[in-house]
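Protein sequences, first through last, are from chains U and F. So the number in this note's numbering is just where the residue sits in the first sequence, counting from 1, plus 735. So the number in this note's numbering is just where the residue sits in the second sequence, counting from 1, plus 46.
Simulated from the structure, these hints should not be mistaken for lab results. Don't be surprised by glycine CBs; every beta carbon is placed ideally from N, CA and C. Any given hint could turn out to be false.
[As the list claims (entries may be wrong)] According to the in silico footprint, chain U covers these stretches of chain F (three or more CB under 8 Å from chain U):
1. 203 to 212
2. 222 to 230
[Stated by the list, open to error] Here are some of the chain U residues that sit facing chain F, going by a computed Cβ distance under 8 Å:
3. Ala785
4. Pro823
5. Val840
6. Ile885
7. Tyr957
8. Phe1054
9. Arg1056
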Amino acid sequence: MSAVTLTDIVKRFGDFTAVHRMSLEIPEGSFLTLLGPSGCGKTTTLRMVAGLLDPTEGEIQIKGKHVTNVPIHKRNLGIVFQNYALFPHKTVADNVAFGLRYRDVSAEEAKRRVNEALELVQLPNVGDRYPKQLSGGQQQRIALARAIVIEPDVLLLDEPLSALDANLREDMRVELKRIQHRIGVTTIFVTHDQSEALAMSDQIVVMSDGRVEQVGPPEEVYNTPSSEFVANFLGASNILPATAGQASGDTLPIEVGGFGSIAIPRDRAPALNGSGKARLVVRAEKLLLTRPGDAPAGSISVDGTVETVDYQGQAVRYFVRVGDTQLQAINMIDGRPFNEGDSVAVSLRPRDCAALPEGT
Amino acid sequence: MGWNLIRTWTLLVYLFMFLPVAVVVLLSFNASQFGSFPMTGFSLRWFIELSQNEAILRAFRTSIVLGLMTATISTTLGVLASLALVRYRVPGANVISTLLIAPILVPEVVLAVALLLFLNFMSINKSFTLLLAGHVIFTLPFVILVVQARLVSIRRDVEEAAMSLGASPRQTFFQITLPLMLPAVLAGALFAFTISFDDITGTLFWKPGGVETVPTQIFAMLRNSISPEINALGTVMILLTVGLPLLGLAIARSASTKRGS
Ligand SMILES: Nc1ncnc2c1ncn2[C@@H]1O[C@H](COP(=O)(O)OP(=O)(O)OP(=O)(O)O)[C@@H](O)[C@H]1O
Ligand SMILES: [Mg+2]
């Protein structure tokens, strides 16, 4: 049984449709991320699950129960907000204990569970402090403790890490995933940060303009995008006009200007029906630059000229001109990086390519 | 040079404002039977006489009862109105908000006369209840302004967090919203009390015959003679109307330091 089921959810604000007919099943115990650019309807979706917004149409079920008409305080959800939303006039311990007051829990039991939760978020000694006396990262941990101490059916997180600075964000990301794994709570996580989504999720839902673009595990969404939007949104991709041929066996020939015919595995083009106009997607990290003549065996190679070099520490991002198109390549630094104006061989392996129908 | 001029000017303005007040306080301790200079010695005589003056004591009781009732009603109404205006989408919220604030903008005399004419028109007699109603109308805007400002700064997600944890909207109000806006509620109540306690214009128009508040009592006494008792009464009033808000401020401050903010 899935923990959360959305059936044909629509949300309109006046004439504006923020969420278009969305259906989603979230398996028990899984970590699902709503990923998409600003304004695509992630928060709106999450707030409908929370009961903070009523869907205009559609049904929401949590653990098999219809909750569309159940008010938020009867849904048994843990919510972590972007700005922590701790109660400033209560101590940390009282903040964490707050949800237990409305549940059948004895005083000792409550105390034990609060301590357990504080230990789980690795802040066992701050119970007597007030939220203002904690750092941002600590406040966010307390907010998490407060949400999980009630043993919620679903944990909802709306960009919980975005108010933290970059280093802390990465630590908290690992920490959050560890805690989620430990207690096994079904989690819906909202972010517009693709690296967060890729690192943490069991399933990613890529959204754009109130619609679901693709649902799948991180590797699948990353490696086999089902639309140009997804290919562009997750990481840097090269999207080239192409023509698909007739599939034979496990491979599908794709004709790409400049590269000739590339036989890609059939399962890297799941959305492609039959032959005709298509798009070839190659991730920037999969495009390898070498000195002319050094291209690795088994890959398809063309000549190009380096136009821009963007040094990024362990990796370099190059913009290379091949014929009349500019391609993006991100390569690990092995020896000396190329310079602007260098002639290079640009090579790719057929199995690193994916194909999409045109106009998606 | 220019700065010196401004400095002197400022000093003079403050002197002009506070000197009379200081004189009143000083003269209230004067032993002489005339409420004016020269001082002939220090004495608490006028305070003692004050405490034995039936009319003044009655006026004091009336003022305090009126002030407390005004503060209670104004604060309750003010909190409810602010909640409605800030937290719920009320059609015409802007118009309602302007109407509620309007009594501060209209000159008090105009408001007083208007209410009086209205009562006449409705053939309703003056009564203590109507005096109270007048004071509530007049103090409500202050409460609303203070409470609304505070309520706007209370983040909605704090209340949403409380509800997600199982608190009903009512429990959320009493557990979260009210405690967070308590300083503003207390400040509003203090405002309402002091404004009501101080008010003379409206009160003169609205009060039924035979009822006097402290300010109208002073006014009546001044018409006969300037007794030094009035200086003593003035000192007590100053103590009350300055002391109470200061006390309120101190309470609010100590409450917020406890919270480490
Ligand atoms: N109460 C509202 N009234 C009208 N429009 C709204 C309301 N709430 C959200 N919207 C609109 O719905 C769209 C989706 O908003 P939502 O907050 O869900 O975006 P989001 O994906 O969470 O974006 P972000 O990453 O910026 O938080 C936006 O275009 C927004 O302007
Ligand atoms: Mg959002």
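(request) Kindly indicate which numbered hints from before are broken by the structure, ordering the numbers from low to high. (result) 5, 7, 8 and 9
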